[in-house]
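Number of protein chains: 2
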Amino acid sequence: MELFYAYDVSDGVCRLDAEESGHCVRVLRHRTGDEIDVIDGLGTLYHCALVDDSVKGASARVLSGVPGFGGHPYRLTIGCCPTKNNDRFEWFVEKATEVGVDRIVPLIGDRSERRVYKTERAGRIALSATKQSLKARIPEIAEPVSVKDFLRTDGGTSVMPEGPGSDRAPLRLIAYCFEDESVPRRSIKEVLEAYDGTDVRVLIGPEGDFSPEEAQLALSQGYIPVHLGASRLRTETAAVTAATAVYLRYL
Amino acid sequence: MELFYAYDVSDGVCRLDAEESGHCVRVLRHRTGDEIDVIDGLGTLYHCALVDDSVKGASARVLSGVPGFGGHPYRLTIGCCPTKNNDRFEWFVEKATEVGVDRIVPLIGDRSERRVYKTERAGRIALSATKQSLKARIPEIAEPVSVKDFLRTDGGTSVMPEGPGSDRAPLRLIAYCFEDESVPRRSIKEVLEAYDGTDVRVLIGPEGDFSPEEAQLALSQGYIPVHLGASRLRTETAAVTAATAVYLRYL
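If you're matching them up, the sequences are chains D and A in order. In our numbering, each residue carries its 1-based index in the first sequence increased by 17. In our numbering, each residue carries its 1-based index in the second sequence increased by 17.
It should be emphasised that the hints constitute simulated quantities derived from the structure, not laboratory data. Do not take every clue at face value.
To be verified - Below, simulated DSS-like cross-link-like pairs (lysine-lysine); rule was C-alpha separation at most 30 Å, straight line:
1. D/K101 x D/K135
2. A/K206 x D/K206
3. D/K135 x D/K73
4. A/K135 x A/K73
5. A/K101 x A/K206
6. A/K101 x D/K101
Claimed, not checked - Stretch by stretch, here's where chain A covers chain D in the computed footprint (C-beta under 8 Å, at least three residues):
7. 111 to 119
8. 145 to 154
9. 245 to 257
To be verified - Ranges between beta-carbon positions, derived for each pair:
10. A/D69 x D/V200: 37 to 47 Å
11. A/V44 x D/N102: 16 to 26 Å
12. A/Q238 x D/P90: 32 to 42 Å
13. A/K135 x D/K101: 23 to 33 Å
14. D/D104 x A/K101: 11 to 21 Å
15. A/K73 x D/N103: 34 to 44 Å
16. A/D69 x D/T170: 51 to 61 Å
Note that beta-carbon positions come from the ideal geometry of N, C-alpha and C, so glycine has one too.
Taking the hints into account, I'd like the entire structure generated from these sequences.
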């Protein structure tokens, strides 16, 4: 099954941009009349018939639609400080998308080595992983924001529609070491199992961890400190492990 | 904390090879008398004093030892068909090592596109990830074997010592689609939670899945068919998700 992404779906017609059109028409040699599967990136799969096989801007007429195609029964936001090595963060974006994530917020922490992050490549990776893993909703890659601003605005404003269970209070988690051990931490698994809602937000710090000020601000905003077990995980591994813990919680 | 790997520990002396010695002496400028931390790759961390700061072959006298350093309370073997793209399989080796795995067996399936796999690079990646994630035991990277031979020999002979709970029968799992749905599958999480031992073996197929003959042979050998949830995961993502499910089970 091959999925194409439509940047616009209106009046029963899905429109593909130049890249998707080239892949559909030039590479896969689809012609007018062929039936193809198209996602809108917002959660719906459309089964369509190609009505314009232009290489630069193909379009297809909707035959039927499947809302919530490839969806998951939770809503997950991961705020994660981009790694010094870009590949590692992009790998997290790909794997979290395959497993199931709704929103990724690149965070700039007090101790972040990487203080600038361009979201364009991550957006392309999220689109590609969405299609590859047969989902219809592309996770939102938010613009980077400082950890403190993220906390002060409660994660900022998402462009994504509300998910299931959005009537419950979100579960806010921060993976932090608290070296002085004054703050007791439970495992992410234990905290997830005790939560009966579906809206989970997880913060993952940079290689040098959050600063004590950031951690204190998070606690004051209701974030629950959690650990991810005994293994010392890299930033991107911690982020994927957190996403997998949420995925498995709702399995 | 920086760990060095000793290829030999005997008579109270840890011996580093040329690569580790170069890193210790040339890069980090350690000199005779400095205290360093050394792992034997088999599970023990040694706190040592450098007694020979030769760039080609440094050695250090053992001051104290920590058996089971960075260990985990289970024993996990993952048999996984190497991906066409080598990077993806190596990424699995790195991430599974960080999370916690004991033995990785590259499998050649009936439908594997990659039919030859050299283990040398994966071994280096496993060593590097072991040190980076502060563990003392390097996972074994077995030589490649066909899926059927793996099954006929019950996973072959491991060079690794037996882990905890090795008195219990191992839990043998195969992630397989069984497209005819004649075989009911439970989730890996459910099956793991119902198992009270600690020796887990998981088989992950190639991009084209196991062949029906391989799957039938696995069932006849007591393998339990499991699924990893609704998401369609790439081979290497499935392998890391399985490792994470085991890690979280014993958290």
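So, going through the hints one by one against the coordinates:
{"no.": "1", "hint": "D/K101 x D/K135", "result": "holds (13 Å)"}
{"no.": "2", "hint": "A/K206 x D/K206", "result": "holds (12 Å)"}
{"no.": "3", "hint": "D/K135 x D/K73", "result": "holds (26 Å)"}
{"no.": "4", "hint": "A/K135 x A/K73", "result": "holds (26 Å)"}
{"no.": "5", "hint": "A/K101 x A/K206", "result": "holds (28 Å)"}
{"no.": "6", "hint": "A/K101 x D/K101", "result": "holds (28 Å)"}
{"no.": "7", "hint": "111 to 119", "result": "holds (count 4)"}
{"no.": "8", "hint": "145 to 154", "result": "holds (count 4)"}
{"no.": "9", "hint": "245 to 257", "result": "holds (count 8)"}
{"no.": "10", "hint": "A/D69 x D/V200: 37 to 47 Å", "result": "holds (44 Å)"}
{"no.": "11", "hint": "A/V44 x D/N102: 16 to 26 Å", "result": "holds (19 Å)"}
{"no.": "12", "hint": "A/Q238 x D/P90: 32 to 42 Å", "result": "holds (34 Å)"}
{"no.": "13", "hint": "A/K135 x D/K101: 23 to 33 Å", "result": "holds (30 Å)"}
{"no.": "14", "hint": "D/D104 x A/K101: 11 to 21 Å", "result": "holds (19 Å)"}
{"no.": "15", "hint": "A/K73 x D/N103: 34 to 44 Å", "result": "holds (35 Å)"}
{"no.": "16", "hint": "A/D69 x D/T170: 51 to 61 Å", "result": "holds (57 Å)"}
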